[in-house]
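Top to bottom, those sequences are chains F and E.
Under my numbering, the first residue of the first sequence carries the number 1, and numbering increases by one thereafter.
Under my numbering, the first residue of the second sequence carries the number 1, and numbering increases by one thereafter.
Take every hint as true, because none was put in to throw you off.
Which copy is meant is left open, so a pair is good if it fits within one copy or across any two.
Derived lysine-lysine pairs resembling DSS-like cross-links, with alpha carbons at most 30 Å apart:
hint, residue 1, residue 2
1, K103, K41
2, K117, K41
3, K121, K90
4, K90, K155
Quick caveat, the hints were computed from the structure, so don't treat them as lab data.
Number of protein chains: 2
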Amino acid sequence: MIDYQIFKNIAKHVSLSTNEVQHFASLLFVRDVQKKELILKQEQICRSIYFVEEGSLRGFNLNDDGKECTLMFAVRDWWITDMNCFINQKAAILSIEALEASKIIELTFDALEGLYKSNPKFERLFRILFQNAYSREQVRALHNISLKTEKRYYKFADKYPAIMKKVTQKQIASYLGVTPEFLSTIKKSKHS
Amino acid sequence: MIDYQIFKNIAKHVSLSTNEVQHFASLLFVRDVQKKELILKQEQICRSIYFVEEGSLRGFNLNDDGKECTLMFAVRDWWITDMNCFINQKAAILSIEALEASKIIELTFDALEGLYKSNPKFERLFRILFQNAYSREQVRALHNISLKTEKRYYKFADKYPAIMKKVTQKQIASYLGVTPEFLSTIKKSKHS
DNA sequence: CGTCTATTTGAATGTACTCAAAAGCGGTGG
DNA sequence: CCACCGCTTTTGAGTACATTCAAATAGACG
Chain F
1 MIDYQIFKNI AKHVSLSTNE VQHFASLLFV RDVQKKELIL KQEQICRSIY FVEEGSLRGF
61 NLNDDGKECT LMFAVRDWWI TDMNCFINQK AAILSIEALE ASKIIELTFD ALEGLYKSNP
121 KFERLFRILF QNAYSREQVR ALHNISLKTE KRYYKFADKY PAIMKKVTQK QIASYLGVTP
181 EFLSTIKKSK HS
Chain E
1 MIDYQIFKNI AKHVSLSTNE VQHFASLLFV RDVQKKELIL KQEQICRSIY FVEEGSLRGF
61 NLNDDGKECT LMFAVRDWWI TDMNCFINQK AAILSIEALE ASKIIELTFD ALEGLYKSNP
121 KFERLFRILF QNAYSREQVR ALHNISLKTE KRYYKFADKY PAIMKKVTQK QIASYLGVTP
181 EFLSTIKKSK HS
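I would like the entire structure built from these sequences, with the hints used as guidance.
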């Protein structure tokens with residue numbers, strides 16, 4: 001297990017001793033999920049943060065009108081959770097589904113709180129992960145309010161080629177907050 | 001200085017000894033800025049994170065077409081920076097201006113990196129601040145892509161009454177990513 | 001091969017923008 | 001204290017962006 005991608009991901013930010021790695025590993029749950037399986041269901045308490053060891057996931061919200069909004073994708077080497085519900089341990093706004101057969105690694109809220117207490121390296125690790133996540137969301141918010149859909153689409157496609165390979169156009173449309181029909185017409189018109 | 005709001009803010013998340021508070025305080029720069037003064041200028045390296053001790057700030061981007069987009073407001077007891085540029089120590093995308101005469105507290109990147117190394121409590125503190133910031137941005141992203149402008153406006157007004165008192169309608173429009181003219185027509189139509 | 005879903009296309013409608021002009025408001029100087 | 005100036009807000013007409021609904025086509029999968 002110690003040759004898993006998750007340890008390479010961590011090693012980018014902090015260096016752990018063999019013992020620390022072992023302890024961390026002992027807290028993880030590795031799960032193989034199949035395509036379309038839900039790792040987290042909306043309304044359910046969000047008890048864990050997830051790492052994509054292999055495969056791909058999508059976090060989305062289904063509203064009262066039946067409209068799906070994709071908030072995030074996660075491919076190999078990415079972390080994902082419904083952050084707001086995770087940190088407050090309350091009912092999730094998002095569902096998270098597998099886009100294909102995937103291997104995911106689960107770290108529960110309680111285990112993570114224990115890690116924070118037992119070893120400041122984990123405070124550091126997640127401080128870095130969260131600061132990076134916040135930074136990305138801040139840039140995304142700027143793009144959302146300042147750019148036209150067409151430009152946002154091509155920026156997304158440029159920035160995340162690994163995601164483009166895994167997802168349908170309908171899912172990208174729901175990530176951009178437009179209808180699949182409109183995204184279709186955008187792609188047809190000649191682009192920059 | 002130790003009765004400043006910033007220490008109450010920190011005490012919500014970690015408890016520091018008198019010595020730790022003193023050390024932290026020794027790293028801070030307190031500045032009085034006047035209305036319209038720029039704390040951070042776009043294109044300039046973003047070297048610090050700021051805390052609003054008193055007053056209010058606005059972070060915005062000015063694009064090539066001369067269009068201003070407000071990414072965030074900060075009132076008393078809030079932290080603000082151009083996160084992406086702060087953590088990479090590169091040219092800022094945002095300018096930050098004072099909306100009124102304000103007292104702000106500046107913590108530089110280098111000082112903060114020193115704090116992380118010297119005392120894990122600061123890793124914890126900023127881990128919590130960043131996770132909360134990320135959580136808020138995630139919710140905001142969902143609202144941006146799923147809700148109509150009208151609903152976003154009233155949600156914002158409900159959630160941040162302290163900000164509503166300080167900012168113009170034009171600035172709110174630029175935060176929502178719509179024109180001031182359009183926001184004006186929204187307010188006129190009868191609302192939910 | 002047949003079924004289910006994704007994608008495309010088009011017409012009609014709604015949402016939001018641009019441009020222009022008028023009205024309102026706050027601050028400054030005489 | 002009033003008059004003027006600059007900026008914000010409002011209003012309206014015309015246009016562009018994006019949605020809804022419906023139907024046709026194309027792909028994916030068992």
